[in-house]
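Colleague: Below, each chain spelled out in residue letters.
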Amino acid sequence: MKIAVCVKQVPEATAPKRIDPGTKRLDRSGEGTLNPFDVHAVEEALRIRDASGEGEVVLVSVGPPRALEALRKALAMGADRAFLVSDDAAAGSDLVATTAILGKALEREAPDLVLFGQQSSDADGAVLWAAVADRLRRPLISQAAELTCSEGRVRAKRQTEYGYDVIEAPLPAVVAVSDAINEPRYPSLKGIMGAKRKPQETVSLAELGVEASAAGEAGSKTEVYALGDPPPRGESRKIEDDGSAAEQILSYLVDRKLL
Amino acid sequence: MSTLVFLEHHAGELQKDSLGVLSRAASLGLEELSAAVLGSGVRDLASRAGQFGAGTVYVCDDPSLEAPLPQPRVDVLARLVRERSIDTVLFAATVLTADVAAGLSARLAAGLNWDLTGLERQDGKLVGKRPALGDSVYVDVGWKSEPRIALIRSGTFEPQGAGVESKVEELTVELEDFSRAATMVEQAHEESEGPSIEDADVIVAGGRGLGSPDNFALAEALARALGGAVAATRAVVDAGWYPYATQVGQTGKTVSPRLYIACGISGAIQHKVGMQGSGTVIAINKDPNAPIFEYSDLGVVGDVHAILPKLTELVEARKAGG
Amino acid sequence: MILRPADYAPRIRSGDFVVEPTDPPDERIEVGVLVVGAGPAGLACAIRLGQLLGEAPELAERLGDVPVAVLEKGKATGSHLLSGAVVDPRGLRRLFRGRRIEEMPLLGPVMGEGVYFLTRRGATRIPAPPTMRNHGNYVASLSQLGRWLAEQAEEGGATILPQTAAEKLLAPGGRVRGVRTGDKGRGRSGEELPNFEPGSDILARVTVLAEGTQGHLTGVALDHFGLHGANPQIWALGVKEVWRVPRPLRRVIHTMGWPLRAGARYREFGGSFIYPMGEEMVTVGMVVGLDYRDVELSVHDLLQELKTHPLVRRILAGGERVAWGAKTIPEGGFLSLPSRLHAPGLLIAGDGAGLVNVPALKGIHYALESGRLAAEAAFRALQPGEAPGRRGALASYDDSIRKSFIWSDLKRVRNMRQAFGRGFWVGGALAGAMTASRGAFPPGNSKIERDSEQPLIVTGRAGRYPAPDGKLTFDKLSSVYLSGSKTRDDAPNHIRLRRDVPRELAQMWARMCPAQVYEVGEGEGEATVEVTASNCIQCGAITAKGGRLTPAEGGSGPEYTLT
Numbered sequence: 001m002k003i004a005v006c007v008k009q010v011p012e013a014t015a016p017k018r019i020d021p022g023t024k025r026l027d028r029s030g031e032g033t034l035n036p037f038d039v040h041a042v043e044e045a046l047r048i049r050d051a052s053g054e055g056e057v058v059l060v061s062v063g064p065p066r067a068l069e070a071l072r073k074a075l076a077m078g079a080d081r082a083f084l085v086s087d088d089a090a091a092g093s094d095l096v097a098t099t100a101i102l103g104k105a106l107e108r109e110a111p112d113l114v115l116f117g118q119q120s121s122d123a124d125g126a127v128l129w130a131a132v133a134d135r136l137r138r139p140l141i142s143q144a145a146e147l148t149c150s151e152g153r154v155r156a157k158r159q160t161e162y163g164y165d166v167i168e169a170p171l172p173a174v175v176a177v178s179d180a181i182n183e184p185r186y187p188s189l190k191g192i193m194g195a196k197r198k199p200q201e202t203v204s205l206a207e208l209g210v211e212a213s214a215a216g217e218a219g220s221k222t223e224v225y226a227l228g229d230p231p232p233r234g235e236s237r238k239i240e241d242d243g244s245a246a247e248q249i250l251s252y253l254v255d256r257k258l259l
Numbered sequence: 001m002s003t004l005v006f007l008e009h010h011a012g013e014l015q016k017d018s019l020g021v022l023s024r025a026a027s028l029g030l031e032e033l034s035a036a037v038l039g040s041g042v043r044d045l046a047s048r049a050g051q052f053g054a055g056t057v058y059v060c061d062d063p064s065l066e067a068p069l070p071q072p073r074v075d076v077l078a079r080l081v082r083e084r085s086i087d088t089v090l091f092a093a094t095v096l097t098a099d100v101a102a103g104l105s106a107r108l109a110a111g112l113n114w115d116l117t118g119l120e121r122q123d124g125k126l127v128g129k130r131p132a133l134g135d136s137v138y139v140d141v142g143w144k145s146e147p148r149i150a151l152i153r154s155g156t157f158e159p160q161g162a163g164v165e166s167k168v169e170e171l172t173v174e175l176e177d178f179s180r181a182a183t184m185v186e187q188a189h190e191e192s193e194g195p196s197i198e199d200a201d202v203i204v205a206g207g208r209g210l211g212s213p214d215n216f217a218l219a220e221a222l223a224r225a226l227g228g229a230v231a232a233t234r235a236v237v238d239a240g241w242y243p244y245a246t247q248v249g250q251t252g253k254t255v256s257p258r259l260y261i262a263c264g265i266s267g268a269i270q271h272k273v274g275m276q277g278s279g280t281v282i283a284i285n286k287d288p289n290a291p292i293f294e295y296s297d298l299g300v301v302g303d304v305h306a307i308l309p310k311l312t313e314l315v316e317a318r319k320a321g322g
Numbered sequence: 001m002i003l004r005p006a007d008y009a010p011r012i013r014s015g016d017f018v019v020e021p022t023d024p025p026d027e028r029i030e031v032g033v034l035v036v037g038a039g040p041a042g043l044a045c046a047i048r049l050g051q052l053l054g055e056a057p058e059l060a061e062r063l064g065d066v067p068v069a070v071l072e073k074g075k076a077t078g079s080h081l082l083s084g085a086v087v088d089p090r091g092l093r094r095l096f097r098g099r100r101i102e103e104m105p106l107l108g109p110v111m112g113e114g115v116y117f118l119t120r121r122g123a124t125r126i127p128a129p130p131t132m133r134n135h136g137n138y139v140a141s142l143s144q145l146g147r148w149l150a151e152q153a154e155e156g157g158a159t160i161l162p163q164t165a166a167e168k169l170l171a172p173g174g175r176v177r178g179v180r181t182g183d184k185g186r187g188r189s190g191e192e193l194p195n196f197e198p199g200s201d202i203l204a205r206v207t208v209l210a211e212g213t214q215g216h217l218t219g220v221a222l223d224h225f226g227l228h229g230a231n232p233q234i235w236a237l238g239v240k241e242v243w244r245v246p247r248p249l250r251r252v253i254h255t256m257g258w259p260l261r262a263g264a265r266y267r268e269f270g271g272s273f274i275y276p277m278g279e280e281m282v283t284v285g286m287v288v289g290l291d292y293r294d295v296e297l298s299v300h301d302l303l304q305e306l307k308t309h310p311l312v313r314r315i316l317a318g319g320e321r322v323a324w325g326a327k328t329i330p331e332g333g334f335l336s337l338p339s340r341l342h343a344p345g346l347l348i349a350g351d352g353a354g355l356v357n358v359p360a361l362k363g364i365h366y367a368l369e370s371g372r373l374a375a376e377a378a379f380r381a382l383q384p385g386e387a388p389g390r391r392g393a394l395a396s397y398d399d400s401i402r403k404s405f406i407w408s409d410l411k412r413v414r415n416m417r418q419a420f421g422r423g424f425w426v427g428g429a430l431a432g433a434m435t436a437s438r439g440a441f442p443p444g445n446s447k448i449e450r451d452s453e454q455p456l457i458v459t460g461r462a463g464r465y466p467a468p469d470g471k472l473t474f475d476k477l478s479s480v481y482l483s484g485s486k487t488r489d490d491a492p493n494h495i496r497l498r499r500d501v502p503r504e505l506a507q508m509w510a511r512m513c514p515a516q517v518y519e520v521g522e523g524e525g526e527a528t529v530e531v532t533a534s535n536c537i538q539c540g541a542i543t544a545k546g547g548r549l550t551p552a553e554g555g556s557g558p559e560y561t562l563t
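Chains as they are written, first to last, in the working numbering: chain A, 1 to 259; chain B, 1 to 322; chain C, 1 to 563.
No wet-lab data here; the hints were simulated from the structure. From the three backbone atoms N, C-alpha and C, an ideal C-beta is built for every residue, glycine too. Please note: incorrect hints may appear among the correct ones.
[Said to hold, decoys possible] Ranges between beta-carbon positions, derived for each pair:
{"hint": "1", "chain 1": "A", "residue 1": "108", "chain 2": "C", "residue 2": "390", "range": "33 to 43 Å"}
{"hint": "2", "chain 1": "A", "residue 1": "243", "chain 2": "B", "residue 2": "40", "range": "47 to 57 Å"}
{"hint": "3", "chain 1": "A", "residue 1": "155", "chain 2": "C", "residue 2": "187", "range": "23 to 33 Å"}
{"hint": "4", "chain 1": "B", "residue 1": "213", "chain 2": "C", "residue 2": "460", "range": "28 to 38 Å"}
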């Protein structure tokens, strides 16, 4: 069974995050790391592969050439192979453009199962997998907090606002896993040292068969106009309890329609 | 413009946030405003949508839409958007609609802006506002082409009656094979303990100022009265007073409820970063210099042991009295 | 009652950290030379080895797939590196012969300097003591320099393994064969969590310990191989911040005096530094010897107090704090050097060996040079016909250290630090005499007492610390946050400490620690210390003052980038 895990390199959490005022996009220069949410997806893929005793875990990513360093961490955990689409023309891709690129990459790999992490620590979006599933024309399960694979079917416990659904789908399928699904393993030293030797392929858009016009800013259907400060929090009040604090809190809640 | 608002529903009720989005669209004067209600046994709900400004309410009522799964909805909406030349589709973000909106974006190659906390019309264009970088910066976003798709953050808009003449139109169902492949084996039922802290609209959080683990009962009572969840700080979780799953903060969970009530919490930055996206923050602490007062909307210097039970009582009374 | 922290020190047996390899042979990792610590000493060693092996391909091949491996306990290289710093370029020039200093990520040459004696409101310029003249030196961020050195090391063929702590020395039969790395994924009480990953035995022909201040295995090795010198090591604690400022600072500043107290009974030796970091940033730090005696002394709070002085306030005006961190510095100098820096199969370099010139506040160039010399000694001992595990095989390292500028520099200033134990004024006079006589006067060698043997006194010092205002002055917890530390809450406690101790001792620890790891409740009599180990930024102060820092899980602790 071939499992593809879509992963992303994001800026290091401790690096002061800034939006480049020129391009109005996240300044992605500087240290990068594997998106922490994707690490859960990698772990789940490894568990499924290890439980079945055979199979391959392929990492698929779109990013600058540096992204290979982040992919190496996932290789160190035990993934078998990394496949990176790297091209200047892909920079600034929005959801539509990213879906076009990832979709092509996944069609090439033709995996039985595609896994995503539930969001990205940089753009905080929680939507990519649904777009990719539609593009690949495959059934989708998102927010999986538990996942089992057997006999060509995948079964997940999905977390929603109302509790847990149990959803099943036949393979090939696309599943996005929540960070509650597992505790990722620490890469072993042997794994870290062996990661560099695992197959790592980088392709350009042209090699992948994606038109430059379908990628990057050219292929994006959304745009950013301006940056601004967050709206002011509003008046902040401080009161001392003279015995009526509870009543004052209540009227505060009522006034703001919070009750 | 021709705008469609997707109305989600649960247990026989139209979902409040989606009605809020519909109200907003109406107040912006978006022309040819319609709404869509998809599901099984939902015709009654459709008529209610007119009260919030939808001139046309499209209903697709079919057993295949009973389970709240996204892909069949993408099929129905995509066809609707194409056939009626709808140029804007708005969703209130939920687990379900996030998947629907993104699937629709791929199907129609339509731009999607998500996590919007504001929606405006500027120079004839639709402009969304969204936070970025942990709510420290706000970005104005737009669409380069049509159709446009937007996901609006939960709790952004309140429903407002704007009754208009509305007509209901029935849609037929035509689903792709792959959209039918995922099946609901067991659907979620209301959890008896209330929402988890990640999903809760209201959170009552307790810190060391509660004094003892037993006093978490005070926070629990208030949370129950408000229909919310209970969270805890790292200090009390470390001390074993409350489970790690409820820890909010840099090394715990990040939450952004509409209302966050911090009880006996000093508010060090490690805690703040886990809840700074909250809509309204009320802090109760007996130390007037506690850092939490620097970022709370309402700060109460007082004794949590006296204030919490009283507040709980008042909330319960109000809810009972209506 | 005289209270000495040393009387309450936990019992740690170094022997517990010296073991034989236990992994099955096919699971052991084998490398050629193993370097512990990706700081300037360790990376200089790796870089020099890369240069030497580049010219000796047959030897490189015999060392296997991984000829040089560098272990780093921090999240990434640079995560645990912190210094002032003004760097003497000698070390870099000798390591990178033929390359220009301008290619290296330094923050500019020192353009000017000033040394001031401060009072609460005033600042008197004093002539820079000769040991402190910085003409020809460069300002640097050690964390940033470390990252660049790591790239150079990797280009030379070294393998750097971050998030890996070296916990035990593998030394069967008195010969060092490598290290055992620490476990990951243990819970609060040491239990194995679901993602538990045991440490590994890493075997090497030569092991170089370049762990920096308070090096864990360095301490173990000094005990185990009997390498201690005539005097114990002593330390200072440095706490520093980096600020983005609107007006560039054009000179390097050192201060003495306020807020430290001059009287001999306080034993407050130290001062502050303010260095420009390029055009947009400055770094300001406070360094105080850990032989201080006041229970309420808090170097973090002294730094906050320092910033309220008009001289410093002016420099920081309109600015924003962007980094914070703390680390200890070995201060014993020449007199506290180990008797030997090698053992069978083992070399010790850098701050771990105590190679710091305290009056000049410099150690980075010694770290680089000692790392380079260690590489050369290791290279010699790996030649065909040599056996690095043989007694004395690595003795050429000590010889080369003795012949180097490290030795002559440290010897010349050997008594200066201890002179200041007699108070600022007497110390200053003695220091002047030492400088003038180039170390000949006063003759002989001072005796050094352990920091933890200093008796504690109470003076109400804490009453004068400024309350944090969140703009100029800051509390400890928000500072820990800024250090990037995100240590797992349920990680095992890596600090060995007696928990039930006299109240003043507990209070001393609470004040001493810049990261608020130790807390003591109100009350009377004996106290129980609360330890929040996840706040720890691994500065090492506790080891100097009655406790013991052991290696935390690899990858935990601060994530410095600008320090």
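Colleague: Next step is simple, just say for each hint if it's right about the structure.
Modeller: Evaluated hints:
1. The given range of 33 to 43 Å is broken by residue 108 of chain A and residue 390 of chain C, whose C-beta atoms sit roughly 57 Å from each other.
2. A hinted range of 47 to 57 Å for the beta carbons of residue 243 of chain A and residue 40 of chain B is consistent with their spacing of about 54 Å.
3. In this structure the supplied range 23 to 33 Å holds for residue 155 of chain A paired with residue 187 of chain C, their Cβ-Cβ distance being about 30 Å.
4. Roughly 36 Å separates the CB atoms of residue 213 of chain B and residue 460 of chain C, a value that falls within the hinted 28 to 38 Å.
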